[in-house]
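**Q** My request is simple: use the sequences and hints to build the entire structure.
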Amino acid sequence: MLKKGLLLLTLLAFALAFVSPAAAGEPIKLGALYNLTGGMSSIDAPALNGAKLQAKLINQAGGLLGGRQLEVIGIDTKTDQKAAATGAKKALAMGVVAGLGYGDTTFVMAAAPLFQKKGVPFVTSGATHPMLPKWVGDYMFMVPFGDDDQSFAIADFTVKKLGAKNIAVWTDNSMDFTKALSKFYKQRIKELGGKIVLEDFFMMGDKDFSAQIARLKNTKPKPDAVFISAIPNEAGLSVKQIREAGLKLPIVSGDGFDTELVTTVPGPKLANDIYFSTHTYREDNRPEVVAFVKAYEKEYGHPPENAFAALGFDAVGLIADAIKRAGSTDGKALRDALAATRGYKAVTGEISYTRPSGVPLKGVSIISVHNGKYKVEEVWMPK
Amino acid sequence: MGGGYIAQQIVNGLILGSMYALVAIGFSMIYGIIRLINFAHGDVVMIGAFVTLALMQVAGLPFVLVAAGALAAGAVVGVLIERGAFRPMRGAPQVTGFIASLAVSIMLQNLGILLLTAQPRNFTFPAALQKVINAGPVSFRVIDLVIMLSALGLMVLVMLLVKRTRLGMAMRATAENLDVARLMGININRTILAAFAMGSALAGIAGLMWGGKFGQIDPLLGYVPGLKSFVAAVIGGVGSIPGAILGGYILGLAEVLFVGLLPPIYSAYRDAFVFGTLIVILLIMPNGLLGSDKGERA
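Residue numbers (the working numbering), protein chains in the order written: chain Y, 1 to 383; chain P, 1001 to 1298.
Don't read these hints as lab results, they were simulated from the structure.
It cannot be assumed that every hint is accurate.
Claimed, not checked - Straight-line distance between alpha carbons at most 16 Å, and here's what the computed EDC-like set of lysine to aspartate or glutamate pairs gives: (1) K383(Y) / E350(Y); (2) K52(Y) / D76(Y); (3) K1131(P) / E244(Y); (4) K207(Y) / D1271(P); (5) K52(Y) / E71(Y).
What the hints assert, rightly or not - Across the chosen pairs, the derived CB separations fall in these ranges: (6) D330(Y) / L1114(P): 33 to 41 Å; (7) I1010(P) / K373(Y): 34 to 42 Å; (8) G1153(P) / M131(Y): 49 to 57 Å.
Using N, Cα and C, we set each Cβ at its ideal position, and we do this for glycine too.
**A** Given below as structure tokens:
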């Protein structure tokens, strides 16, 4: 009985192994470049998980172009720009129809130009510099909004809703992303008649903010709010130390604060009066979001780590949508289809490429944290 | 910039310095015995932090047992590293051990990422240790006080051990001249293993403190303490345990005061100033503040 069952299972396995590719045709390969090891891995690893999940769901639903399977080839570029360029070459040599990847501009700039040269579209899941499509070219697409949009959104909120006039700005001086965020934030604050009373700096990897906090405490006139331009690693650390020093002023930031660390590191008592702009995903209950979170939990056994997981999921979704509309995997046809994307219902909000800058027109959520609880305050739309 | 502001910055510097000193003691001990610049020392700090997290938050053990566990975990990892990576290379040029320690460090970091993922985890200490103490214009937390006192306590303990016990005598003899010590009947392997176990146990407990102070840990957290303790040890004179403590405090104070007293635009370059200080100190005193000039090995 057992033997018979085993035999049957083996036969079934063989049948599946031989039949499905024959029916489906050649797989459609996507090259996913991410830093799975090294400093960026807390951002990039979830993004690749999201990307693979999307491909799996699409394949379960019957694949693309008459049953062809979507294959996401993950390439670890080790938080190293040289490895990013090598990874791009490797992906292109494997004959991928599109590339995707990265949560940071620096690495996109190392890889994407090689795709551009070969006429293969590259979609970044998480890099937010608004100049990216200009720098790389017409085969470059962004899933997230630009840094200018998220900075303007939180600057508007700081002045109009929080009523802050004197504002302190802390900037992580080691990244293009955090510097750009502060630049756009200060620009908008000044336009709105606010005043920057203190500018202070730190570096990614800094753990101790005691010196900057003592200065923040002693700043005259007293700041009404502090903007912290940081990536997730420093988000919880800075909040914890500022609150422990007894400072109660509102803390505002961008999507670098979109991490559980903002509440878990300081604890619910200290995680108070924090506001950040981010991808419309956290605390959102659109059907796309609910379905994504459920599928992610089922696949990986834990909820999505951060918004980058959702953005990776969206990157593959966006490419698959374009392949469907193009009806082919040809580079030029795929590029044109991507550029023609209008109202694609992504987990992180609707994506349309209607602006001359090539940055998607996407809503920005303003999230508040009170006693360790997240809440969507508003959704800001770019003009 | 009033007196209160400066006092607060000095306290901040002393707290940070205690942390560096705690890591630097173990680093300096290992160097003192076998002249090995052990870059994996910082990663033992990381392991100590994760073991603390596992014992405290997952297993829910009382604090004393957690501290004992962090010490034990550090010692075990130190012994394994010595047996696996450094003993086979004993007698090879110094640079070989140095490169081997870099390899061990990278292996431990990426092993951590593979096993635990690179996601930073939060780390909550008992509320009693998180309480803020206000003393005039200056404020600090109970945990900061614990770190300072334990750094000093451990220094005294290690010094007593090295100066007063048979094992300590064997360690000093081994440090002085390995071959002669062996001829005198000292079990070299056991002595070196003991130095690794002790130095790494201190790194393990430093991991507990590090997690408690900053409240967030990840598999790459050992990089900074590893590097800083190296600098602290060099400032104080490598191999000298009081030197490591002094170096740690100078480093912590220098970092905070550079940020606190210079215009904010320089805040991001704190490490550049710190390493600049290191160069100045080494130019004036090439063996560090408390180092001996006896050369590589007598």
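**Q** Could you tell me which of the hints above the structure violates, numbers in ascending order?
**A** Result: no hint breaks.
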